[in-house]
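The whole structure should be built from the sequences, with the hints applied where relevant.
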Amino acid sequence: GESVGLHLPTLSVQEGDNSIINCAYSNSASDYFIWYKQESGKGPQFIIDIRSNMDKRQGQRVTVLLNKTVKHLSLQIAATQPGDSAVYFCAERATSGTYKYIFGTGTRLKVLA
Amino acid sequence: DGGITQSPKYLFRKEGQNVTLSCEQNLNHDAMYWYRQDPGQGLRLIYYSQIVNDFQKGDIAEGYSVSREKKESFPLTVTSAQKNPTAFYLCASSWSSFYTGELFFGEGSRLTVL
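For the protein sequence lines, the chains are L and X, in the order given. If you're matching positions, the first sequence starts at 1 in this note's numbering and goes up one per residue. If you're matching positions, the second sequence starts at 1 in this note's numbering and goes up one per residue.
These are calculated hints, taken from the structure and not from any lab test. Do not take every clue at face value.
[Unchecked claim] Here are some of the chain L residues that sit facing chain X, going by a computed Cβ distance under 7 Å: (1) Ile34; (2) Lys42; (3) Phe46; (4) Asp49; (5) Tyr99; (6) Gly104.
Cβ coordinates follow ideal geometry from the N, Cα and C atoms, glycine included.
Structure, rendered in structure tokens:
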């Protein structure tokens with residue numbers, strides 16, 4: 001069953017192309033950010049994280065960029081594959097040293113064959 | 001394999017019934033959390049526990065209850081007082097609620113009120 005929004009913004013990308021998913025975060029004091037991938041009916045999976053003292057971090061096929069000036073986070077996926085189709089959302093830890101995470105509503109990525 | 005196990009995956013409840021969702025982790029994490037996910041909304045925190053025998057209300061605790069009698073277990077009870085319980089419920093854990101680190105999520109439990 002559908003576990004995530006039926007009316008999420010959707011990004012359609014051709015297989016093999018690069019994808020860029022954006023997230024505007026809310027709190028200028030947030031010190032830690034995470035990108036999650038969620039497939040339909042499943043729990044979120046960690047993709048990559050970044051601390052506020054960094055502006056870029058790379059993983060395998062993924063890169064996260066952090067722009068604190070405009071409170072913007074982006075996830076870049078290189079050579080997008082069909083298995084990348086899912087909902088992607090960001091999370092910010094709103095206050096250092098606490099449990100409080102604020103989650104975005106997400107973007108649906110559709111990979112076209 | 002280390003991870004978080006939620007059960008049941010699907011649950012149907014009649015109005016007026018309490019139901020309990022199970023969450024077990026073998027990651028040796030101190031902190032555990034319950035989130036609710038509704039279409040078009042970000043995850044919302046119901047309850048969290050920083051350590052055994054301690055738990056705190058999150059942003060939407062009304063109509064829910066929890067216990068943390070063991071480090072590895074954090075069950076959530078959805079009571080009849082919860083007015084709109086149909087949702088996807090996610091349990092998560094982390095090493096600590098005080099230090100930076102990812103949240104590890106279970107596979108979720110979908111509750112439907114008939």
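Quick rundown of the hints versus the structure:
1. Ile34: holds, 6 Å
2. Lys42: holds, 6 Å
3. Phe46: holds, 5 Å
4. Asp49: holds, 6 Å
5. Tyr99: Interface hint status for Tyr99 of chain L: holds (4 Å vs cutoff 7 Å).
6. Gly104: holds, 6 Å
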